[in-house]
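Visitor: Residues per chain are reported as follows:
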Amino acid sequence: MYKIIDARFLAENVKLFEIEAPKIAKKRKAGQFVIIRIDEHGERIPLTIANSDPEKGTITIIVQSVGKTTTKLNSLEKRESILDVVGPLGTPSHIEKVGTTVSIGGGVGTAIAFPTAAEMKRQGNYVITINGARTKDLVILEDEMKALSDESYVTTDDGSYGFHGFVTQKLQELIDEGKKLDLVLAIGPIPMMRAVAEVTRPHGIKTIVSLNPVMVDGTGMCGGCRVVVDGKSQFACVDGPEFDAHLVDFKNLMNRNKMYAKQEHDALENYNHECRLDKKIEALSE
Amino acid sequence: MQQLTAKERMKIPRNPMVEQDPNRRNKNFEEVNQGYTAQMAQEEAMRCLACPKPSCVEGCPVHIQIKDFIMQIAEGDFLGAVHTIKQDNALPAICGRVCPQEEQCEQVCVVGKRGEPVAIGNLERFVADYEREMNKVEIPKTAPLNGKKVAIAGSGPAGLSCAKDLAGMGYDVTVFEALHQLGGVLVYGIPEFRLPKSIVAKEIDGLKQMGVKFVTDTIIGRISTIDELMEEEGYDSVFLGVGAGLPWFLGLPGENLIGVYSANDFLTRVNLMKAYKFPSEDTPVLEVKGKNVAVFGGGNTAMDSVRTALRLGAKNAYIIYRRSEVEMPARIEEVKHAKEEGVQFLLLTNPIKFNGDEEDWLHSVTLQKMELGEPDDSGRRRPIPVEGSEYDLDIDISIIAIGNGSNPLISQTTPDLETSKRGTIVVNEETMETSKKGVFAGGDIVTGGATVILAMGAGRKAAEAMHKYMSTKA
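Chain order of the listed sequences is A and B.
So for the first sequence, the working numbering puts the first residue at 1; every next one is plus one.
So for the second sequence, the working numbering puts the first residue at 287; every next one is plus one.
Keep in mind that the hints were calculated from the coordinates and are not lab data.
A portion of the hints provided could be inaccurate.
[Claimed, not checked] Taking beta-carbon pairs under 8 Å as the criterion, some of the chain B residues facing chain A (in silico):
#1 Thr460
#2 Ala464
#3 Arg508
#4 Ser548
#5 Thr554
#6 Leu695
Every value quoted in this text rests on a predicted model; they were computed, and no experiment measured them.
Backbone N, C-alpha and C fix where the C-beta goes; we use that ideal spot for every residue, glycine too.
Work out the full structure: start from the sequences and follow the hints.
Guide: In structure tokens form, the structure reads like this:
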């Protein structure tokens, strides 16, 4: 059992958890992930480690409710527990001093962009961050990103806060201004990562994306997380999760991520229905 | 014991295993084989000729005293029989179910030269089940703790048998498992209908009572490197029984379409994660009911996958294998069971590509007929494509069961551990010692995909060598 030390919403449906996992906290490097299973009946899902505190023995994950498991996870509170937390998994980000780097986080992807951006700064890079969200209320980690960046931008699709537009438009602006960008790291929804890859491709700017496909064990055993990179199958859990964005087959990745869409939809419906029933029963018994 | 002549013994027919009816069992996950009754076991034991130099013992990878335990069964001493087995085999209830006896002990059985061999596997299973069901399992005596600590990576058959022997010798043994459940391939790979998980759990309980500690959710190589285990965490020796665990694919076009699974992915979802109970269990598997399922491969894992698909309601369940039935590596019993249950075998047939729709959903597989040529390196006749024999078969789900490569997690983080070109860990075959001092390895991570009994034998061999190593170490 892994105890939840802190749990709080950062935005609607986006929750931060600080979990007691001393060994993982000590070992974890930027770019790595854990697999969690909430309870006896739970599925195993991969979540990138957003931060860790080796002294306190905790790791931080940031979760957006999408399906049943993430919705159920986000209903957990401080002092409750998660049955299984395994990690650190995946190959750590390869971070060195390259010059100017741009870390782009889209939505909850910002949680994953954050630790690598911090590491880039530690290595002495000039760090630009672009923190994108659909609307103002969904912007997360704004202060944290700002604190570590040499330049930081917030973009919103609806213009309710910061730059009005997509992260790719901001990135394009930076390129057009003639800034020499040495490395771009983009993490967010697959369409966003694909769009970023297309912005940087004509300029030959090295671009890395962190992928989060469906997986079971996270150790290379199931092969469910394979992605096509440069025409070859790679396992995101052991070969990744970070890959060269210009070589990833995003169409296949996007389709594969919809593999269980029907089951996920049904499971979530069921779960929400049960929750509503539970509430009704509670109301009746009061 | 009744005195029968050899001739009389040879006349007794082999007692067939009691099995669930094929048309019932292909719809449930309960065990197919129901086991012998005590009477059947004793009758079967009467068939043994008690050869002065029993070849069956030589045929067994761990040299169980087969003649002795069969004599005990014939005399009705079932507990004595299981104790005899346990001198050499830590997991008889498991091996009695999954060992390929027809290639080992039963293949060389003298009775089998003029008819069917003594059903050694069925007898092994019977006494192990008898002991467990009668609640007569004795926890082996352990030597007093000797103050030395051993770490074992992997709770599959190699790790469990190594742990058992070392705990018996007085070592403080901790087994680390990457998954949330103990048992390795015995629980994620081999399905319930062939090996009930409760049997594996019982064996593990026994080890716990011997003092073995188990830690799940722990990936050696990541959370602790081998150096850290030995230098910082105080382990005197380490055994690596982490299994193969990196599925091979065919390298064909369309292999990443939705609906193409590795056998590990499919079986883990259904066995370990109980996806057949979705949505009361959270892990999904693609809808199999009413679908056409093709499994590629001819080994036990292929049979497990295709029979699992049948149980999930597949309309057509195919084994597609590029050689003929005689070259199939699966146990004869598994092939027989699969056929009885309605699996269709497309032999001498090889896939060329997987075809899907716009959204990457698999809808068919292009196949090609093969014929057998000269024997290849494996001694089996090489399959050669028949030109112009290509055709498409409508398939919704494909499961690739052609074996596993070596998991890189430990070798990546242990640079001084010698590995082969295939990624397997190189060991001294006598002692199972690796190139790294104090570190031993066995099972599929050394041999590549093999059997439970070989992994178990390797675990025991390593335990003995580790004992020697730790006893002589200052």
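Visitor: Evaluate each hint against the coordinates.
Guide: Verification of the hints:
1. The restraint placing threonine 460 of chain B at the interface with chain A is violated, with a minimum CB-CB distance near 14 Å, outside the 8 Å limit.
2. With a cut of 8 Å, the hint placing alanine 464 of chain B at the interface with chain A holds, because the nearest CB-to-CB distance is about 5 Å.
3. At about 6 Å, the closest approach between the beta carbon of arginine 508 of chain B and any beta carbon in chain A falls short of 8 Å, and the interface hint on this residue holds.
4. The beta carbon of serine 548 of chain B is positioned within 8 Å of a beta carbon in chain A (closest approach about 4 Å), and the interface hint is therefore held.
5. Hint status for threonine 554 of chain B: holds, given a least beta-carbon distance of 5 Å to chain A, under 8 Å.
6. The beta carbon of leucine 695 of chain B comes within 6 Å of a beta carbon in chain A, closer than 8 Å, and the hint placing it at the interface holds.
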